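Undergrad: Following the working numbering from start to finish, the sequence shown increments by one per residue and tops out at 314.
Hints were generated in silico from the structure; no laboratory data involved.
Here the structure is a predicted model, which is why all the values come from computation and not from measurement.
From the three backbone atoms N, C-alpha and C, an ideal C-beta is built for every residue, glycine too.
Among the clues, some could well be false.
As the list claims (entries may be wrong) - Quick list of simulated restraints, FRET-style, between CB atoms: (1) Glu37 <-> Gly163: 40 to 46 Å; (2) Ala26 <-> Gly178: 35 to 41 Å; (3) Leu196 <-> Ala32: 25 to 31 Å; (4) Ser153 <-> Pro64: 25 to 31 Å; (5) Glu173 <-> Glu37: 22 to 28 Å.
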Amino acid sequence: MNTALPTVRPLAGRDELDLFLGLSYALDAELAADLDEGRRRPDRMWIAHDGDRLLARLAWWNRPGADRPLLLDVLDVDDTLPAADRLDIGEHLLRTAMSTVLDPAAPVPEYTRFVPPGWRDVPAVRRAVEDRMAIAERTGARLFVERLRLNRSPGLPVPPPTGRLVFRTPRDERELTGLMARVLEGTLDAHSLHDLTTMSPQEAAEAQYADELALYRSPRDWWRVAELPDGGPVGFVVPAHNGYNPIIAYLAVLPEHRGKGYVDEILAEGTRVLTAQDVPRIRASTDLGNVPMAEAFARAGYVDFEREINMTWS
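With the sequences and hints as input, model every part of the structure.
TA: In C-alpha cells:
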C-alpha cells in the first residue's frame, strides 16, 4: 500500500460501537442487541483506523456463551480508498485479528456475506463484494457456495392440506436424526456434501442436530414429520425461530419419495405452522445450485431477496 499500515485493534468495549458503525453493512441494526445478548463480544470486533478515520472493520458472531466464534459475518473496508490500499488494509486487519482471536488448532470459522441478488450486474456493488472476497482469499479462504436467501411476506394464502400426507411431530431426537441421515442420499446441499467427506450420514445428521436444530429456542412441537395415510415417512420440515426471524430451518423429502410433488405439501405445512404464530415474515435459504429446492420455495411464495456468499479456509 502507499502509506504505513494503520492501527488495528479490537473494540475497547461496547461504548465504541458508534466507532464501529463508521462503516455500514446490512447487519448493523443487529449489532447492539447481539452485544447485549452475548452473540457478539467487543474482543471479537476489530477495527483498522488512522486517527479518527475508520478504514476497515470485522466481526465474528457466536452463539451466546460459546467459547469460540462461529462465523465471520462482518468484513468491511472504506470503499473510497485506492484499490491496493483497500486490499492491503483489509488483509492486515484480518490476519492480525485471526492470529489473536482464533484457536490455531481449531477450524477457521466460515466467512459469510449478504449481497443483493443482482450483485454482479452493478459495477460498484460487484467491486465491493469482490474486494471483500479478495481480502479473505489473501488469507487462504476460497469460495465455498453462494446461497439464496428467501422471504415470504404475510398475507399470502397457504394451500390447504390435500390429504395425500398426514403430519405429526417427531417422536424423539433419534427418529429425526434418522430421517436426516436418510435424506442425505442424493443431497445437493454443499455443506452436507462436505460433511459427508469426513462423516457417515448418521454422524453428519447428529452433528447438524446438535449444532443447529437443538439450539433453537422455539417450540419443538412446531416440527413436522410427513407420512402417507397408511403409514411410512415421506419427509419432514423444521419451522423454527433463529433469534432474528421465523425460518424454515430444514425441509426434506426421503429419496424414494422425491419427484412426486410432496415437497410442496411439506413446505406448505411448515409455512402454516409459522403463519399460525402471526409472524411478520418467514425466511428460508438454499444453495443457488439446489434448483429443485429453490423452485419449491418459489412456488410457495418465497422470494429471492438476497444472496449469501460463503467462503471457507481449508
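Undergrad: None of the hints should be skipped; say for each whether it holds.
TA: Taking the hints in turn, this is what the structure says about them:
For Glu37 paired with Gly163, a C-beta distance near 43 Å keeps the hint of 40 to 46 Å intact. With their beta carbons about 37 Å apart, Ala26 and Gly178 fall inside the hinted range of 35 to 41 Å. A beta carbon spacing of about 39 Å between Leu196 and Ala32 contradicts the range 25 to 31 Å that was offered as a hint. Roughly 29 Å separates the CB atoms of Ser153 and Pro64, a value that falls within the hinted 25 to 31 Å.
A beta carbon spacing of about 26 Å between Glu173 and Glu37 agrees with the range 22 to 28 Å that was offered as a hint.
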